[in-house]
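Colleague: The residues making up each chain are set out below.
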Amino acid sequence: QKEVEQDPGPLSVPEGAIVSLNCTYSNSAFQYFMWYRQYSRKGPELLMYTYSSGNKEDGRFTAQVDKSSKYISLFIRDSQPSDSATYLCAMSGNTGGFKTIFGAGTRLFVKA
Amino acid sequence: GAVVSQHPSWVICKSGTSVKIECRSLDFQATTMFWYRQFPKQSLMLMATSNEGSKATYEQGVEKDKFLINHASLTLSTLTVTSAHPEDSSFYICSADTLNIQYFGAGTRLSVL
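Line by line, the protein sequences give chains A and B. First residue of the first sequence? That's 1 in my numbering, and the numbers climb one at a time after it. First residue of the second sequence? That's 1 in my numbering, and the numbers climb one at a time after it.
You may find that some hints are simply not true.
To be verified - Straight-line alpha carbon distances no greater than 30 angstroms define the calculated DSSO-like cross-link-like pairs of lysine-lysine that follow:
1. K64/B with K42/A
2. K67/A with K2/A
3. K2/A with K64/B
4. K99/A with K70/A
5. K66/B with K111/A
6. K2/A with K55/B
7. K66/B with K99/A
8. K20/B with K2/A
9. K99/A with K55/B
10. K56/A with K41/B
11. K42/A with K56/A
12. K66/B with K42/A
Since the hints were made in silico from the structure, they are not lab data.
For reference, chain A alone in the conformation it holds in the complex (with noise of 0.2 angstroms):
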């Protein structure tokens, strides 16, 4: 079983849609939980990232976690054509040297 699991895709939805990417993970000693958009033939853009549980809104994006379920999920609110990305979620830990864990990333298209 893989530390981090997310659904590849692709996702395909119609413009003004809200999108759900989700993850779910293994390791109980996650703290940190990021994701990050990735266009393509570029670097990684860390969007949000949450300590512990909770959520967390920034403008049409929203992150949750849930650590009783290991599952966090991103929410895109009145997702637009420029959200077409591959969406990657991640983890680590709270002590020096650990592991960012990082999801295979999920292929998003949103159609006009």
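Please build the complex by placing chain B on the supplied structure of chain A, with the hints as guidance.
Modeller: Here is chain B on its own, set in the frame of chain A:
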């Protein structure tokens, strides 16, 4: 926000030559930087962890003599692909860690002819 600069963005070289890629943290100090390789439509593959002032830690299967990493300061790490061959053609991405969060460079596309 934390900014990581990676240079060059694209390099073409002849087989047998060496190529150096630079990764700089512009507005923070990074004790630890990372080097990744990414093939088309695939996820990030960690190659090595670069620690300032000490030797890099390479992942299993990565040739340390081919991929030389130097972390000379708290803001600069370099990856040198030595004696490059066409199979080394790929997208290389660096990241720098601050407060348990990694920030990535824009990546370097290496094409070896």
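Colleague: Taking the hints in turn, state whether each one holds.
Modeller: To see whether the hints hold, each was checked on the structure:
1. K64/B with K42/A: Holds - the C-alpha atoms of K42/A and K64/B are around 25 angstroms apart, at most 30 angstroms.
2. K67/A with K2/A: holds, 17 angstroms
3. K2/A with K64/B: holds, 26 angstroms
4. K99/A with K70/A: holds, 18 angstroms
5. K66/B with K111/A: violated, 43 angstroms
6. K2/A with K55/B: holds, 28 angstroms
7. K66/B with K99/A: Satisfied, since the Cα-Cα distance of roughly 24 angstroms is no more than 30 angstroms.
8. K20/B with K2/A: violated, 33 angstroms
9. K99/A with K55/B: holds, 17 angstroms
10. K56/A with K41/B: holds, 29 angstroms
11. K42/A with K56/A: holds, 25 angstroms
12. K66/B with K42/A: holds, 24 angstroms
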